[in-house]
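Trainee: With the UniProt record's numbering, the residue at position 4 of the sequence shown is 4, and numbering never jumps.
In short, the hints are calculated from the structure, not lab data.
Be aware that a few hints might be false.
Derived DMTMM-like pairs (lysine to aspartate or glutamate); straight-line CA-CA distance at most 25 Å [unchecked claim]:
#	residue 1	residue 2
1	K43	E3
2	K43	E13
3	K43	D80
4	K43	E113
5	K43	E20
6	K43	E10
7	K43	E112
8	K43	E6
9	K43	D23
10	K43	E32
In this text, all values refer to a predicted model and were calculated from it rather than measured experimentally.
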Amino acid sequence: MEEIIEQLREANEPVPVPLELPDEDQLVEIEEELFINIPFVFKEFLLTVSDVVYGSLEPVTVTDPQSHTYLPEVAANAWDAGVPRDLIPICQDGDDYYCVEEDGTVVLWSGEEELITEESWESVWHWARDVWLES
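Construct all of the structure, not just a fragment, from the sequences and the given hints.
Mentor: Below, the structure is given as structure tokens:
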């Protein structure tokens, strides 16, 4: 995990208005807004690297309600598109969504097929290493 955080920090691209990292209270507010518990490993991800801008993928953020990556907005769109309500989207990729399950596993939901694909990652950190850092 530390190694992936370090790689993401090194890859972070400068932007005119940098994102902010959330605090625990903001995550509690997001959980209350979504009516769902955020898995511990995904909380760690949000608390440590949700301000990183890198590559072609844009993982969700939780500090700016006006952002197109704001988790409650992305979740509402994902669930409207057919993503099961027990999955929390971590990143939209076209019509597809990378989502985290209750146990912290990351799965890929296909918008075209409207189902969860065979692709999965052990945790959001494995997804960040194998997918986000490769984007």
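Trainee: Between the alpha carbons of K43 and E13, is the straight-line distance 25 Å or under?
Mentor: holds (22 Å)
Trainee: Holds or violated: K43 with E112, Cα cutoff 25 Å?
Mentor: violated (29 Å)
Trainee: K43 and E3: Cα distance at most 25 Å?
Mentor: Holds - the C-alpha atoms of E3 and K43 are around 17 Å apart, at most 25 Å.
Trainee: Regarding the pair K43 and E6, is the alpha-carbon distance no greater than 25 Å?
Mentor: With Cα atoms ~17 Å apart, K43 and E6 stay inside 25 Å; holds.
Trainee: Holds or violated: are the alpha carbons of K43 and E10 at most 25 Å from each other?
Mentor: Since the Cα atoms of K43 and E10 sit roughly 21 Å apart, the hinted pair holds (cutoff 25 Å).
Trainee: Are K43 and E20 close enough, with their CA atoms no more than 25 Å apart?
Mentor: holds (15 Å)
Trainee: Mind checking the alpha carbons of K43 and E113 for me, to see if they're no more than 25 Å apart?
Mentor: Distance ~29 Å between K43 and E113 Cα, so the pair is violated.
Trainee: So if I understand the rule, the pair passes when the alpha-carbon distance is 25 Å or less; does K43 with D23 pass?
Mentor: Satisfied, since the Cα-Cα distance of roughly 10 Å is no more than 25 Å.
Trainee: Given the hinted pair K43 and E32, is their alpha-carbon gap at most 25 Å?
Mentor: Between K43 and E32 the Cα gap is close to 14 Å, so the pair holds against 25 Å.
Trainee: Does the alpha-carbon distance linking K43 and D80 stay inside the 25 Å limit?
Mentor: Satisfied, since the Cα-Cα distance of roughly 23 Å is no more than 25 Å.
Hint compliance for this structure: hints 4 and 7 are broken, all remaining hints hold.
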